[in-house]
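Asker: Those sequence lines, one after another, are chains A and B.
With the numbering used here, letter number 155 in the first sequence gets 155, and the count goes up by one each step, no holes.
With the numbering used here, letter number 57 in the second sequence gets 57, and the count goes up by one each step, no holes.
What the hints contain is simulated information worked out from the structure, not anything from laboratory work.
A few of these clues could be false.
Stated by the list, open to error - Pulled from the structure, derived: some chain B residues nowhere near chain A, Cβ distances all over 10 Å:
| no. | residue |
| --- | --- |
| 1 | Lys8 |
| 2 | Ala24 |
| 3 | Ala31 |
| 4 | Tyr33 |
| 5 | Asn36 |
| 6 | Ile40 |
| 7 | Lys53 |
| 8 | Gly61 |
| 9 | Lys81 |
| 10 | Cys82 |
| 11 | Glu84 |
Unchecked claim - Result set (DSSO-like, lysine-lysine): computed pairs, CA atoms no more than 30 Å apart in a straight line:
| no. | chain 1 | residue 1 | chain 2 | residue 2 |
| --- | --- | --- | --- | --- |
| 12 | B | Lys79 | A | Lys34 |
| 13 | B | Lys8 | A | Lys48 |
| 14 | B | Lys49 | A | Lys77 |
Idealized CB from N, CA, C, for every residue including glycine.
In case you want the letters, here they are:
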Amino acid sequence: MRKNKMLRKRVSGVRSTFLVQGLNLDRLIEHVKKQGITLYDVKKISQKSMHVTVNLKQGQKFFAIAKDLCYNIKKVKDGGRNYPLYFLFKEFGLIIGAVIFTFIAIYFNGFIFSFEYSGSGSVLKREVQDFLEQRGIKKYTRFSDIDLAKIEDEILAGNDRLSFVGLERKGNVLKVELALSKEDKDKLSGNVCALYSDVDGVVENIKVYRGTPKVSVGEQVFSGQLLVDGKMIIKEQEVSVGVICTVTLLSNEKCEYYSLHEGEEEKAVIFAEQTLKDKEIISSEVVTERKGEQYCYTVTLKYRRVLYAG
Amino acid sequence: MGFIDTIKECIGDSEGIKEPSFRAVVFGESAVYLENVLSIFRYSPTEIKFCLKKGSVIIKGEGLYLKKYCVGDVVVCGKIKCLEKE
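Produce the entire structure from the sequences given, and follow the hints as far as they go.
Answerer: Here is the structure:
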């Protein structure tokens with residue numbers, strides 16, 4: 001209150017408008033004038049009420065005089081040439097708070113707070129999420145540190161199952177729109193009720209989004225073995241669902257290469273790799289054996305086989 | 001003040017001018033400036049009566065209001081129709 005009083009004394013060019021109600025308003029005007037208060041914009045609204053404007057400095061005095069003379073008085077507004085400046089000083093704390101809030105809003109506007117996945121390809125949400133995290137795109141990453149167009153291309157290039165990838169910034173949310181491609185490569189069987197293995201191997205990775213996994217990581221599986229089943233127990237009832245999953249198997253393939261010459265291990269590996277050119281080859285082993293006049297190179301290739309369903 | 005001196009020169013050295021009781025300046029139909037008024041006698045949006053040292057002055061019009069009123073000086077705004085001295 002003391003601060004406001006000092007402010008009122010120093011400020012000029014600010015005026016207060018009051019609504020005065022009562023009888024014999026002319027008497028009030030005269031009385032106030034005699035007290036040395038300058039009146040501005042004295043307008044009678046009706047027989048018993050009028051608007052009066054005075055300087056802010058004299059507002060309290062005017063209020064007291066009117067009250068003493070038994071008039072009803074109410075402050076309507078403040079105004080004047082210097083009112084904006086007066087408001088700034090009076091509500092300094094509010095202004096500071098507004099500035100700080102604006103600064104915080106602008107600063108934090110550039111961060112990712114959440115991700116939103118949409119589209120038919122959102123079943124691959126976890127894969128895309130892992131991909132983004134590998135590239136350092138996670139919660140609280142700055143939007144300015146990311147090239148959205150480049151990331152879109154990388155996601156699309158790295159996943160054959162997607163035909164469209166769209167990244168859009170909406171406020172603090174990164175919206176990821178994914179669309180599955182119509183032709184599903186490497187789909188093991190057209191039966192979406194279950195996923196079966198078509199090779200012998202060891203399970204390296206299994207991700208089941210819908211269905212019941214029948215194998216676990218590290219387990220040896222055989223060709224034709226059921227990997228993921230479409231039967232699930234939901235609320236104590238067994239139901240059939242469409243399987244959505246990916247299973248990665250590590251499998252071996254053996255090839256034999258015959259030659260009259262010795263020391264052709266490298267050539268043997270190259271020929272063997274050609275038979276599995278669509279697969280991701282991890283390692284190779286060559287065993288050389290002499291069979292009569294020929295050398296038999298047995299190449300064992302270890303490769304990764306990814307199975308999808310859904 | 002040059003304007004006032006010019007008026008005085010035109011009117012000459014008569015008693016009424018040496019010590020004017022009040023001075024009124026009318027600005028078209030929209031405003032009147034009065035000097036040396038003692039008090040306000042009656043105020044309404046159609047008529048305002050001021051008391052002077054000698055007599056009174058009445059301003060008639062529509063939508064009249066006191067633009068500024070302090071010791072001795074007053075500015076009346078609105079649609080001024082006539083100014084009467086009593």
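Asker: Determine for every hint whether it applies to the structure shown.
Answerer: Taking the hints in turn, this is what the structure says about them:
1. No beta-carbon of chain A is positioned within 10 Å of the beta-carbon of B:Lys8; the least distance is around 29 Å.
2. With a minimum CB-CB distance of about 18 Å to chain A, B:Ala24 clears the 10 Å threshold, and the non-interface call stands.
3. Here B:Ala31 stays apart from chain A, with its beta-carbon at least about 13 Å from theirs, past the 10 Å limit.
4. Non-interface status of B:Tyr33 relative to chain A is upheld: no Cβ of that chain comes within 10 Å, the nearest being about 14 Å off.
5. At the 10 Å boundary, the C-beta of B:Asn36 stays outside the reach of chain A, the nearest C-beta of that chain being 14 Å off.
6. With a least beta-carbon separation of about 5 Å from chain A, B:Ile40 fails to lie farther than 10 Å from that chain, contradicting its non-interface assignment.
7. With a minimum CB-CB distance of about 16 Å to chain A, B:Lys53 clears the 10 Å threshold, and the non-interface call stands.
8. Once the 10 Å rule is applied to beta carbons, B:Gly61 is consistent with being away from chain A; the minimum gap is 13 Å.
9. At roughly 17 Å, the least C-beta separation between B:Lys81 and chain A is larger than 10 Å, which holds for a residue marked as non-interface.
10. For B:Cys82, the non-interface assignment is confirmed: its Cβ lies about 19 Å from the closest Cβ of chain A, beyond the 10 Å cut-off.
11. No Cβ of chain A approaches the Cβ of B:Glu84 within 10 Å, the least distance being about 18 Å, so the stated non-interface status holds.
12. For the hint linking B:Lys79 to A:Lys34, the alpha-carbon distance of about 27 Å falls within 30 Å, and the restraint holds.
13. Between B:Lys8 and A:Lys48, the direct Cα distance comes to roughly 43 Å. Violation of the 30 Å bound is thereby established for this hinted pair.
14. For a cut-off of 30 Å, the pair hint linking B:Lys49 to A:Lys77 stands: about 29 Å separates their Cα positions.
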